[in-house]
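What follows is the residue order along each chain.
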Amino acid sequence: MLLGKQTERRQILEVMKSPFNFLRAAADDRRIENLKGLSLFKRLTARELRELDLLLHERSYQADEVIFDEGDTGLGLYIVVSGRVKIVSSHAALQRVTPECGPGDFFGELALFEESQRTARAVAGEPTQVLALFRTEFFSLLERDRGIGLKILFELSRTVVGRARKLLASQPHLPIV
Amino acid sequence: MRNEPEPGVLTWGVIIMITCLILYLFERVLWLVVPGLLVLVGYYCLQPLMQALVRAGLKHRTAGKVVTGLLFLVTVLGVTLLLYVAATRVAGWQATTAHYVQGGLDFLGKTQGVLAEKLPLMKRSALLRSTPMNLDAASDQFVDKYLGRLLLQLVHWLPSLLLVPYLMYFMLQDGNRLKKQVIRSVPNAFFEKTLLMFDRVDHSLQSYLVGLMKLTFLDTTCLGLGLWLLGISHPVLLGLMAAVLAWLPYVGSAAGGVLVTMVAATDYPKDPATIYGCVVLFICVRLLDDFVFLPMTVGRSLRFHPVLSVLMLFMGAAVAGPAGLLLVLPVMGVVAVITETLGQIITDQRLRARYRQARQLQRTMPEVG
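So the protein lines, in turn, are chains A and B.
Residue numbers for the first sequence follow my numbering, so the first one is 1 and each next one is one higher.
Residue numbers for the second sequence follow my numbering, so the first one is 1001 and each next one is one higher.
These aren't lab readings, by the way, just hints derived from the structure by calculation.
Covered stretches of chain A (chain B as the covering partner; in silico rule of three or more C-beta atoms under 8 Å from a C-beta of chain B):
hint, region
1, 47-57
2, 63-69
3, 72-79
4, 129-142
SDA-like, lysine to any residue: derived pairs with alpha carbons at most 20 Å apart:
hint, chain 1, residue 1, chain 2, residue 2
5, B, LYS1179, A, ARG31
6, B, LYS1179, A, ARG59
7, B, LYS1065, B, LEU1162
8, B, LYS1193, A, PHE138
9, A, LYS36, B, ALA1056
10, A, LYS151, B, GLN1051
11, B, LYS1179, A, LEU54
12, B, LYS1193, A, SER140
13, B, LYS1065, A, ASP53
14, B, LYS1059, A, ARG30
15, B, LYS1180, A, SER140
16, A, LYS86, B, LEU1361
17, B, LYS1193, A, GLN117
18, B, LYS1065, A, GLU51
19, B, LYS1193, A, GLY71
20, B, LYS1180, A, GLU58
21, A, LYS86, B, ASN1188
22, B, LYS1180, A, SER60
23, B, LYS1193, A, ASP69
24, B, LYS1179, A, GLU58
25, B, LYS1180, A, VAL81
26, B, LYS1193, A, LEU112
27, A, LYS36, A, GLY147
28, B, LYS1193, A, LEU56
29, B, LYS1193, A, LEU55
30, B, LYS1179, A, GLU51
31, A, LYS151, B, ALA1056
32, B, LYS1180, A, ARG59
33, A, LYS36, A, GLN129
34, B, LYS1180, A, GLU137
35, B, LYS1193, A, ARG118
36, A, LYS36, B, LYS1059
37, B, LYS1059, A, LEU49
38, B, LYS1059, A, GLY147
39, B, LYS1193, A, THR119
All C-beta atoms in this analysis are idealised placements derived from N, C-alpha and C, irrespective of residue type, glycine included.
Excised from the complex, chain A in its bound form (with noise of 0.2 Å):
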């Protein structure tokens, strides 16, 4: 209870703190480089990434963090940076496709197409850092800048394809087109 509290009062002063963080200016190239790392914005230049960078926001989980629930209200896409995350679905077939995602690996990417439900629940499997991608902020970086939006969207639907066909391939009686 003890050791709650003094966590709690940590990040409480570390968020008091933070707001003159960015007085100093701060690691901001390393940041872009790490981004570069990622898969999904590989082809992204260093200018774009300073542009996309504004939209992304960062969370830490603990392990056993719920991240979101199936049913839930997709609103955005996340990108494991460091940790591990489980993918727990109540169809099966999904449940196959993507057990669990590793850094750089990202999730719930059907929420930035559309305001649909979870199909599968997201949790921490360790403590996990990931970056989110809010739909209507991503929308509003397409309508400014198309070029980031078509090479962002390139390789999530590299992604979403891959999966597609390995849920169709434990589906034997679809077939794969």
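Model the placement of chain B on the given structure of chain A, informed by the hints.
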């Protein structure tokens, strides 16, 4: 497409109550609210330029500095140019103003004469006795009654207005980071809903500004066209000035009405039909503006029913006077979004359960460092 349920009667009641409370508080710290509003308007207007500079390859902070620098330069140049033009043409402006004020006073005098003739009781009216009949008397009355108060208000407002460029600089440079930091401080369970809330607040404020611009365009077009048909000089300029004054609902409209009447009375001193035609035109456009255009543009942009928009304008005026009139719709837009989202969080048992689970995990987690 929105999957969430529409807010019910209780939620709307809470929204209206909170809006009134905020307006009451805002009226008390208007010296801080006005610079804040100006910063917000400037931020939304300059954001596209910032984004263009970032797209051109500048870092976000550098782009913020460049835009603020440009804004400062344009302001200094604008003020210098204004001072120069004012210094060279001040005599002309004074004469023109005096000409139009005298025209307005003459019209007022004639109207009062007719009123006193037709209704003898009006002769005893304090309004008729207190109205100055010539420019000197009007100037004396203005200096006696209002000039001192006006100067005091100017001194009172000047320091807070000086805050505008300072706040604008930080808003442009660090506004996005600050927003991200605030979102970061929200527990994971409520993260997506908070993002949605920020997006909707942003959308509401932008919609309000876009709605206001549409309203100004409609007002200027209607008034300009009407004044042109009546043969009044500078119809578009007059229409635009009245439309901008109407940003302050009702009170600004009255000021715009006085302006249009003064110009009409000076242009056609011996043609009361044209002057009254202008007054009728102005009243018609104002009625259209307050009961049709405003709810259909600003109200609709904020997804409010036209009747609710009109009722809230009256309520805003009752709670916080002219400031309430100006602020009621954007404040209610933001309050509605925040209340709706909070309502969804409070009533979503799964989100609350997730929050409790995260806290439980935090308690059982071994302390590091």
